[in-house]
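Residue numbers (the numbering used here), protein chains in the order written: chain E, 618 to 715; chain F, 618 to 715; chain H, 273 to 391; chain V, 273 to 391; chain A, 175 to 310; chain S, 175 to 310.
Treat the hints as calculated values from the structure; they're not laboratory data. Please note: incorrect hints may appear among the correct ones.
Capping the alpha-carbon separation at 20 Å, the derived lysine to any residue pairs in SDA-like fashion look like this [stated by the list, open to error]:
hint, chain 1, residue 1, chain 2, residue 2
1, A, 269, E, 637
2, A, 299, A, 281
3, E, 671, E, 637
4, F, 657, A, 205
In case you want the letters, here they are:
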Amino acid sequence: MKLAVFVSDLTLTNDILSRLKKDNLGIILVQNGVYHATNKVDGKTSALLDQAPKIYALSEDIQIRGMKDSDVDSRVKVVDYGGLVDVIFNEFDKLAWF
Amino acid sequence: MKLAVFVSDLTLTNDILSRLKKDNLGIILVQNGVYHATNKVDGKTSALLDQAPKIYALSEDIQIRGMKDSDVDSRVKVVDYGGLVDVIFNEFDKLAWF
Amino acid sequence: MGTLTIGCFPGLVGSMAYDFSLKLAEAAVDKGHKVNIWFSGNATGSVKANQKHLKDYSTGEKYIKTLLEKGVEICTCEACTVARGVKKDEGIEGVQWNAMHWYLAKIHGSDRVLQIGGE
Amino acid sequence: MGTLTIGCFPGLVGSMAYDFSLKLAEAAVDKGHKVNIWFSGNATGSVKANQKHLKDYSTGEKYIKTLLEKGVEICTCEACTVARGVKKDEGIEGVQWNAMHWYLAKIHGSDRVLQIGGE
Amino acid sequence: MGDVKLSFVVHKPQYKGETSRLAITHAIAYQTVEILLDDGDTVTPTLCFIGEGVLGFDKDQKAMDLYGITSTEAHLKNCLLVDLNVMMCKEDMEKYGISEDVLPDADEMGADMKVQVVPYAEIEKTMEEAQHVLFF
Amino acid sequence: MGDVKLSFVVHKPQYKGETSRLAITHAIAYQTVEILLDDGDTVTPTLCFIGEGVLGFDKDQKAMDLYGITSTEAHLKNCLLVDLNVMMCKEDMEKYGISEDVLPDADEMGADMKVQVVPYAEIEKTMEEAQHVLFF
Numbered sequence: 618m619k620l621a622v623f624v625s626d627l628t629l630t631n632d633i634l635s636r637l638k639k640d641n642l643g644i645i646l647v648q649n650g651v652y653h654a655t656n657k658v659d660g661k662t663s664a665l666l667d668q669a670p671k672i673y674a675l676s677e678d679i680q681i682r683g684m685k686d687s688d689v690d691s692r693v694k695v696v697d698y699g700g701l702v703d704v705i706f707n708e709f710d711k712l713a714w715f
Numbered sequence: 618m619k620l621a622v623f624v625s626d627l628t629l630t631n632d633i634l635s636r637l638k639k640d641n642l643g644i645i646l647v648q649n650g651v652y653h654a655t656n657k658v659d660g661k662t663s664a665l666l667d668q669a670p671k672i673y674a675l676s677e678d679i680q681i682r683g684m685k686d687s688d689v690d691s692r693v694k695v696v697d698y699g700g701l702v703d704v705i706f707n708e709f710d711k712l713a714w715f
Numbered sequence: 273m274g275t276l277t278i279g280c281f282p283g284l285v286g287s288m289a290y291d292f293s294l295k296l297a298e299a300a301v302d303k304g305h306k307v308n309i310w311f312s313g314n315a316t317g318s319v320k321a322n323q324k325h326l327k328d329y330s331t332g333e334k335y336i337k338t339l340l341e342k343g344v345e346i347c348t349c350e351a352c353t354v355a356r357g358v359k360k361d362e363g364i365e366g367v368q369w370n371a372m373h374w375y376l377a378k379i380h381g382s383d384r385v386l387q388i389g390g391e
Numbered sequence: 273m274g275t276l277t278i279g280c281f282p283g284l285v286g287s288m289a290y291d292f293s294l295k296l297a298e299a300a301v302d303k304g305h306k307v308n309i310w311f312s313g314n315a316t317g318s319v320k321a322n323q324k325h326l327k328d329y330s331t332g333e334k335y336i337k338t339l340l341e342k343g344v345e346i347c348t349c350e351a352c353t354v355a356r357g358v359k360k361d362e363g364i365e366g367v368q369w370n371a372m373h374w375y376l377a378k379i380h381g382s383d384r385v386l387q388i389g390g391e
Numbered sequence: 175m176g177d178v179k180l181s182f183v184v185h186k187p188q189y190k191g192e193t194s195r196l197a198i199t200h201a202i203a204y205q206t207v208e209i210l211l212d213d214g215d216t217v218t219p220t221l222c223f224i225g226e227g228v229l230g231f232d233k234d235q236k237a238m239d240l241y242g243i244t245s246t247e248a249h250l251k252n253c254l255l256v257d258l259n260v261m262m263c264k265e266d267m268e269k270y271g272i273s274e275d276v277l278p279d280a281d282e283m284g285a286d287m288k289v290q291v292v293p294y295a296e297i298e299k300t301m302e303e304a305q306h307v308l309f310f
Numbered sequence: 175m176g177d178v179k180l181s182f183v184v185h186k187p188q189y190k191g192e193t194s195r196l197a198i199t200h201a202i203a204y205q206t207v208e209i210l211l212d213d214g215d216t217v218t219p220t221l222c223f224i225g226e227g228v229l230g231f232d233k234d235q236k237a238m239d240l241y242g243i244t245s246t247e248a249h250l251k252n253c254l255l256v257d258l259n260v261m262m263c264k265e266d267m268e269k270y271g272i273s274e275d276v277l278p279d280a281d282e283m284g285a286d287m288k289v290q291v292v293p294y295a296e297i298e299k300t301m302e303e304a305q306h307v308l309f310f
């Protein structure tokens, strides 16, 4: 299945994301989830960025925090709300919010 | 200072509790925090129980979950709401909710 | 064009999941998709009419009205709403009031479903 | 006997921090302490009058009225409340409406303060 | 469109707040959805509990006595009475040291169904077979 | 009772929800509290950000443009304008790789105060010296 998981926090409180099959998985970073793409923690980039072949981050949630779209890790594609709608309809068939 | 920290979740999302000085610290387990006193995780009792000399758990929050006051770890004192009020006024002078 | 149904459960708070739901709904409807929104839990408090828009606080009313005008169907869980003291005639006009099966029925006809939990 | 002031910010949800605040307040006042409660954030939605008590859903109104009768002072953040569309004449009688300095003033005269955050 | 299978996945403890209990009541609502659907259309949810979601299902809960609200135990019994598939993740039950014995059943109320404790792989299968997944 | 010192400790990121921003507005309210107090009585909050609480303070926030609400940046400037002590935990700033340079100031508005980046030990001291601590 093509599943997209929305991540809205920096600290994940459970291991459920890591149980999901990686092949067709997508991760969509929203709200405080965008810090996975912009900030290293203790000098390391977030392990989350290795857990799915497709990773997106929401532009508005980067900019509202005073950061720039260019601050994100190269593995992450930045989309606005319109782009996110296309991702939802064209790239995946199931959605999960963490 | 005599600080009592209320813990209301099983999974702690930060390390702040472990930074606090242990000498006069109290931990009050409420809501899902009571699982620290009743359940082992992967066979181990919660590390939280070693982090303060005084630990309390709220009786109602144990019983509402179908567990019994006798299910708690021996280091934990079970109190009802009235007992909790006495703990707050007699044992500590500052309170923090996590 | 497809149909997106969003279940929104968290309460009305600044820059968070509630706002996200409404903004995603608008972006989808602007692209020609059909969108349904189901409010349950604390999110139902947001269907109260006459929310005062202060710069320091989030409000949902203006946004809800915009979405209704654009053809988004919005329904609030009646039980959750009256439990919060909000009666139908105190609610925002155009928001539907129904039971949980409204949400399941909309899901039945949807291409994509996004259930947003949390308080 | 002492004075306890509780700041309660989370919304009205079952068996959680909101209920905890009210139950702790009652236990304290029953022991002869003076208790003040400050509602801010999503908790302010709970001062709406006429909450319907359903078995499956939490409500705060009955409890708030009991506490008021027992002499607990309860105040809601006016800005947070009107942002949610609840006007003073729609609120539970006896609940005070004021600005954030009410909370700080009560804290000034308190022996114990419990600030409960969360949404 | 016929039947639409849904996988409800609850990963928060039952007494975390309202959302986890609303997952149960929303799943139960499948039994009345037909009044809003065309003839022959149905919705079939499977209710899955994983991670901390397996917490809060012990028998003998005092929610009604202490809070005046329906307990999770009562909700779970309702699920079984309306023939909902309810699955608990075996690995997570073991992780939190929860015995199958503490899970309520609704035998005395005449339910045929029981809560199923299954390996995570089974729950994954419901997610794969479902048309939509709903995380609570 | 004279002055009552308070230590506000914020450990959630600023854009987590309403609570973390309400910590700031509640602290600012200290400047009008005297109308409810006896002569000579005052409240002095210190606003401390630790853990993930240090996140969300970058300059140049677009909250007003994108959401129509006041940004945390604007709130922080207000704190400095009303002479509130604002402390950020140095160790946590380093943990999340946040440079002091990104923190806003209110110099152009005439504020004398600046956000102080201090070791955790300093924040601990405010908690010890305060009569009450308030965790947000």
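Does the structure break any of the earlier hints, and which numbers would those be? The structure conflicts with hints 2, 4, although it agrees with all the remaining ones.
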